[in-house]
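Residue numbers (our numbering), protein chains in the order written: chain Z, 1 to 204; chain L, 1 to 484; chain P, 1 to 118.
Treat the hints loosely; a few may be bogus.
Here are some of the chain Z residues that sit facing chain L, going by a computed Cβ distance under 7 Å [unchecked claim]:
| hint | residue |
| --- | --- |
| 1 | 150 |
| 2 | 153 |
| 3 | 154 |
Hints listed in this document are in silico derivations from the structure and should not be mistaken for laboratory results.
These numbers were taken from a predicted model, which means no experiment stands behind them.
We treat Cβ as the ideally placed atom computed from N, Cα and C, and that holds for glycine.
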Amino acid sequence: MEFEQILFYLFSFWFIASSLAMILSRNTAFSALFLILSFFSAASLWLLLEAEFLAIILILVYVGAVMVLFLFVIKMLDIEDSTLRAKFTGYLPIGLGVAVIVIAEMSLVLGVDQFGLDVVPQPIRHASDYSNITELAMELYTIYVYPFELAAVLLLIAIIAAITLIHRPDKRAKKQSIEEQVNTQAKDRVRLVSIAPYKKKDEQ
Amino acid sequence: MTNNFSFEINSLLVALPEIFLLSSIVIVLIIDLFLTSKFRQATYYLTQLSLMVTGILSFNLIGHPETVIFSNSFILDNMASVFKVFITGSSMVAMVYTRHYLLQHSLYRGEYFVLVMLAVLGMMVMVSGYSMLTLYMGLEILSLSLYTLIAIARNRSIAVEAALKYFVLGAIASGLLLYGISMVYGISGSINISDISAFAHDPSINSRDTLILNFGLVFLVIGIAFKLGAVPFHMWVPDVYEGAPTSVTMFLSTVPKIAALAMLVRILVDGLGSMHDYWSDLFLALSLLSISVGSVVALMQTNIKRMLAYSTISHVGFIMLGFVTGVVSGYGAAIFYVLVYVLMSLAAFGVIIILNNKGYEADQISDYKGLSKNSPWFALVMLIVMLSMAGVPPFIGFYSKFSILQEVVSAGFITVAIIAVVFAVISAYYYLKIIKFMYFDESDKDETISAPMDIKLILSINGSLILVVGLFPDRLMNISMSLL
Amino acid sequence: MLENYLPVVVFIFLGVAFGVGLTLIGWLLGPSKPNEEKNSQFECGFPAFEDSRMHFNVRYYLVAILFILFDLEVAFVFPWAVVQSGLGWFGFVVISVFLFLLVVGFIFEWKKGALEWE
């Protein structure tokens, strides 16, 4: 067995094991951490496929940012384990049945008969000076320029959506404003009003 | 580090409506930030102006020879231009009602209009998408804006719940769609619709390639069926229609259907047209289920928004039936049906919005009791809409159903046509129930409903269009038939 | 291409070996004689084990989400930096439009006060 194959089986094992652990773990925080481990394993597998940019992005964006968000959400929610488990076992038979059928169908269609090495040619290994990112970038900013700019629109929507839904403009905190304090003048603070003396009518 | 890529700035002219709309989105977003509350209505007028100019720009491109730019990922043909005109036009109508609703429910915020414009941009991208990636990007731009619009009433838990349901189910559907796209890409080696079409039409295609294409096709159909809201992927429709603020329901129940239809045509007809034998069976099952479930479950609804949701599901069934026929005239009939559906749905939700009093949603069917005495004109429009939706001649809804059934019968599916007619008759019951409530029941409250002039005008035009186009349907029919 | 990553693999294995090895040595060799007094908290300290879930202010979430969006933006700009000289002016315009749209988002964010902590 080649070294690469050993790595492949090692990372695949970690990938499957951590994914299973993520689903089976009762503590949602642990699940999130197992998900990070499975992201790492997936990134390693992608690296073996020479998709280095995808691998780096998976770690940079998903592990670095999305999982932080996940953990925030988990911390924010008070989930009781028992209610979760009751639902889980209730749907288990149906879910398991559907999953088995889907897996059987998929393995029939996507099995070795269709995608084995005798049907699909083996991809060529690239030399050490080959840069995946250069190839990707040359396509991304020329041929895929339209979807690329649309991605910016999508990010813009996400910014607007996040602020519209989460941000509350009302200021509740009574914060000190030094600038305002320094610039204040007496006439802004005390207003002298001259009121003409008068008597109420019924007192006359 | 060079590739033979060339780009001509002139070619951008065919994407002028999109470019203009995106620029005005940016401008309106910035202007809205600096507006004082006294001038906040300016956002609404700027939005209407932007949508109108976008519509005019699209209108000018009708008849432009078919052009493909951005390395085969953007197409401008007559279908794209006509759909863009309808999308901008019906969005403008929806915005007129929306402003009224937002002011009454104190939901008026500049972001609302920006998000609507972004949703319109997403739909225009979908309509002009000529690669799977572009279609998907357009779909996500549209969906993300819609999720936010629904949740914009964030103090109403039912709206937040609806947004969350829509978001979770929409994300799953997007995942399925992407999985299907990846399969088609994996086997054909391209995400461009024209390349996929060339691959699928190749007579020397082997059985393995057909198998994988078929596998991907199933996921594509599921994704599209979800976005259209066909049974059994309809679970989000009633909850979202009920939970969303009525102005959002009005928008999301009408305009996106045009875009979803365009996506369907691009992927399944333009791209995988040669696989019609495979997907038409799926469509037959989906449409019959939608027509039956939509018609029967609507009978038990007491909330008019939920009822219209199920009515939409059954309309979607009819639209999909047009694609079962496998002939161009059948697809044309489906396009005609969608345009008619948008017209009817705008009027129906328009009446619901008008009946909304300050902070109160008139979404129970019993709220329509005795409407003909309190406000006879609105009741008349509702009567026209309901009769049209039920498929009563001479209203437009009759011709849309009739043309679909005609195509279905001439394609040889006589049993299917009979089943569809039976369920259409069943569905007439709940449309007539509303008419009965409006005209033959006594109202429990006797307030006259007043509405601003612009809404009255738009509603009257909309209602009379349902009648007038119903009397002279040829023109719209010819347009629909010429698009493919 | 993959041979470039060999040092990374070696590093991962060494890191795992070190982490597991040191923990194992401590666990095997270190004496462990717990009693009730040792395990209880000292004077007015916190209990050693308690539920870590507490309610966060939703504003932390907004910051996290805005961070992700600009993190993603970096992911899109990053390949551009690699080929920037090969793309010429076209590439510059493309990335400028992209960044412009995000700057608009940033202005929106700033002006709405989403970056302020009350």
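message: Please list, smallest to largest, the hint numbers that this structure does not respect.
response: none
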